[in-house]
Amino acid sequence: MPELPEVETVCRGVAQALEGRKIVSAQIRRPDLRRPFPPDFARRLSGRTVTALSRRAKYMCWHLDDGWVVLCHLGMSGRMLVGRADDAPPGKHDHVVIETDDGGRVTFNDARRFGLMDLVAAADLERHPLLAALGPEPLDAAFTPAVLAAALAARKSPIKVTLLDQTVVAGIGNIYASEALFRAGLHPARPAAGLSGAEIGALVAAIKAVLAEAIASGGSSLREHRQPSGELGCFQHAFAVYDREGRPCPGCTCKEGIRRITQAGRSTYYCDKRQV
DNA sequence: CGGCAAACCTGCGAGC
DNA sequence: TGCTCGCAGGTTTGCC
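The first sequence runs contiguously to residue 329 in the working numbering.
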């Protein structure tokens with residue numbers, strides 16, 4: 054599910070429940086996620102106050118009052134359920150349950166268990182092994198055409214595959230890679246290093262625009278994914294190409310419609326006429 | 001080093 | 001109705 058806009062949406066929802074709140078209990082119900090929890094994870098959260106939440110790429114960061122940060126990745130199917138401590142007991146895929154001093158409950162639910170949680174000292178956050186190699190945040194002013202051009206230089210891979218490389222730019226996943234390339238009018242199979250300066254400029258603008266619009270819409274709700282509040286994001290209704298194989302291209306009148314190809318094992322959607 | 005397939009794990013929809 | 005197959009938003013690993 055979750056690419057940058059979805060993680061941003063989840064982060065904002067969880068912030069409503071956790072910021073300024075004291076954690077009165079933390080429980081790991083299934084320890085075998087993508088990587089093991091740090092030792093004493095639950096005990097180290099207990100009694101701490103959450104001072105702030107932030108996001109880096111597809112990672113959520115819960116800043117604690119003792120100088121440590123809870124790092125969380127939702128994987129493919131991870132969700133954060135926000136509710137009350139006296140709600141129904143945790144279910145099958147509810148792997149971590151956090152309860153707060155105001156009777157709130159935040160549950161990390163992840164059917165596929167590709168997600169993870171870790172603890173890192175705030176001063177070392179950017180040096181954490183999972184964050185250290187990440188590229189720039191696409192919505193930061195520092196993500197410029199010149200920066201992207203430097204990252205794409207000498208890369209022979211298709212531009213769509215390259216956009217999924219989190220060291221090039223952080224937070225783009227399979228949906229928004231296709232959507233950004235459509236907006237920029239770029240064919241997904243183009244070698245990354247072959248893009249002109251003008252094309253890279255258009256791509257940077259397209260990435261920023263599509264991510265910002267998706268965040269404004271509360272992200273995309275595919276399958277069961279939804280905001281912590283239970284509301285559904287609505288950006289999936291605004292997809293121009295993703296998961297729209299055979300349907301009309303919103304940018305032209307070609308009769309072929311949206312095509313689907315496989316690149317590096319993953320589906321790519323595009324319009325062969327509008328994207329060159 | 002670059003690039004790709006496979007692996008991790010579960011659920012769901014399509015097709016038979 | 002029920003089974004099998006293919007596919008799914010991500011990332012890492014290991015092999016050429």
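Among the clues, some could well be false.
Straight-line Cα separation of at most 25 Å, BS3-like style, residue types lysine-lysine; simulated pairs [what the hints assert, rightly or not]:
id	residue 1	residue 2
1	K209	K145
2	K326	K308
3	K209	K308
4	K261	K326
These aren't lab readings, by the way, just hints derived from the structure by calculation.
Would you pick out the hints that fail for this structure and give their numbers low to high?
1, 3
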